[in-house]
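Model the full assembly from the supplied sequences, consistent with the hints where possible.
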Amino acid sequence: MSIRLKIISEMQRIAAEQQVTLPPLNDDLSLHETGFDSLGFAILVARLEDDLGIDPFTISEDAAFPLTVGDFVRAYENVPA
Amino acid sequence: MSPREIFTLRDYLGPELKGRTISDARQVVSLTDILGKSCLVGRFRELSGRSVLLAVTDQLISAIAMTEIDGVARRMLLCPPDLNADHVKTLIEDAEIDAVVTDQPPRWADAGVYLVMAARAPVPAGIKAKTERATEWLMLTSGTSGVPKIVGHTLEGLTGAIVADGPARGAPPVWATFYDIRRYGGLQIFLRAIIGGGSMVLSEPGEPIADYVARLNARGVTHISGTPSHWRKLLMSGAASGFSPSYVRLSGEIADQAVLDGLSRAFPAASIGHAYASTEAGVGFAVNDGLEGFPASQLGTNRDGVEMKVEDGSLRIRSTRTAHAYVGRDAAALTDSDGFVDTGDMLELRGDRYHFVGRRGGIINIGGLKVHPEEIEAVINRHAEVRMSRARSRRSPITGSIVVADVILADGCDPSRSDEIREKILTDCRAQLASHKVPAMIKFVTSLDITAAGKLARHDA
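Taken in order, these protein sequences are the chains called A and B.
The numbers in this note's numbering rise by one with no breaks, and the one at position 67 of the first sequence is 67.
The numbers in this note's numbering rise by one with no breaks, and the one at position 208 of the second sequence is 208.
It is worth saying that the hints were derived from the structure and are not from the lab.
Some hints could be false.
Taking lysine-lysine pairs in the BS3-like style, the calculated list, with each CA pair at most 27 Å apart, reads [unchecked claim]:
1. B:Lys128 with B:Lys18
2. B:Lys370 with B:Lys309
3. B:Lys424 with A:Lys6
4. B:Lys130 with B:Lys37
5. B:Lys443 with A:Lys6
6. B:Lys424 with B:Lys443
Note that the structure is a prediction, hence the values are computed from the model and not measured.
Structure below.
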């Protein structure tokens, strides 16, 4: 499964758990519009770290928090292996 | 015995009771003629009036040395086996130690202590110790960080609950404990065995649990105590079958309904009690109705003179069984100005029972909200598929922290059902806990660390 697919499927799972209705997840959608609150993102980042072994937001101190779904996915895709 | 008379352990070790023993995995020593023997080759008189550090690896030799030193030394500091060597110097200064009783004399040669005395397996000694004074008993707190605090007790205070409970009915009990007897919970059991005219089976560090249970059976153990973590470990091992004690006691951690029910299923013939005690507050009370928590009616003064109240959410205890002071140059006050010890154990009233929800210092902070991990664990542990769990915080770059739970599944639970069990646990957590307390992640693990004091290790607490 690609990183993108993993992220999307984890978001769908968390949305179901948190009873959030996700709009269609395209790259331009702002993270704010996903309906996730900060706890939702915290869970997402923690689970992805367990799954992928990386947390791009703590690796680099100055990593800007992404604004859109596309930014978020790229943050994971661009972590050097 | 008049109240003013000094009583010591040797008063309970007369030759009139036959067949009493103390044993570990390597040897069985008769308590019936123990007063004629010595671990100190009869040199205990040199300890008269001294402040003694008892630093013996072996529990059995420590136990016998305690009976020789009590009533002779001014004070006796019990040193648990895992004492951090970096703290020794401070403890020696704070407790004004001028003698060390040890099985490793060379290690203490440079400690700057006046007298270093070797302790060995007991041998017949020509002279018997005479009671000269009431020895002060010093114990160390089992906190995980920093120098442990030195807590001062008297034998009278330490044995207050034992004397109040009176002798066990029927044959003298054979006691065992998972604890080390140099800790408060273990010392209570050793004292129960001595004062109750019974026998004692000691734990052995690193001993496989099945071997320990075989030893409990071989020695006919009737009464046994440990922390809920000790008991969960035994239940998990599958070694409990075939062992049938008549009394099972839990202390040192919150006894939740799951572990109480698990023990009553495993030991249907046993009475099961959970006791509240701490190194500082002494033995508060025991609960024997099989339910977690305790009846609110126990607040106030009980028939043994133990006073309990709840203030700022925590249990406060005043009694003759509490320690009398912290010992040392910069020691804090142990009680408030009214003589109450703040236990730091937080209570919540639900219906007519108080439930322990956690330690004041063990609170984890989730997005600015306070969470007791024990409260979450209690909900998780209620599932039949779960043997044990630990809730902890996991730092998150976004909310600060989230709650994650590590869960050990019960024996025979099919690991392929883990997704289904995770969902079940989360559904219950959502129904019973505030949303910030619901674990964001549940991880299934095969083991959880237990500290040397027998408690679930909480690295983030």
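Here is how each hint holds up against the structure:
1. B:Lys128 with B:Lys18: holds, 19 Å
2. B:Lys370 with B:Lys309: The hint holds at about 23 Å.
3. B:Lys424 with A:Lys6: holds, 24 Å
4. B:Lys130 with B:Lys37: holds, 14 Å
5. B:Lys443 with A:Lys6: Status holds; Cα separation ~18 Å.
6. B:Lys424 with B:Lys443: holds, 14 Å
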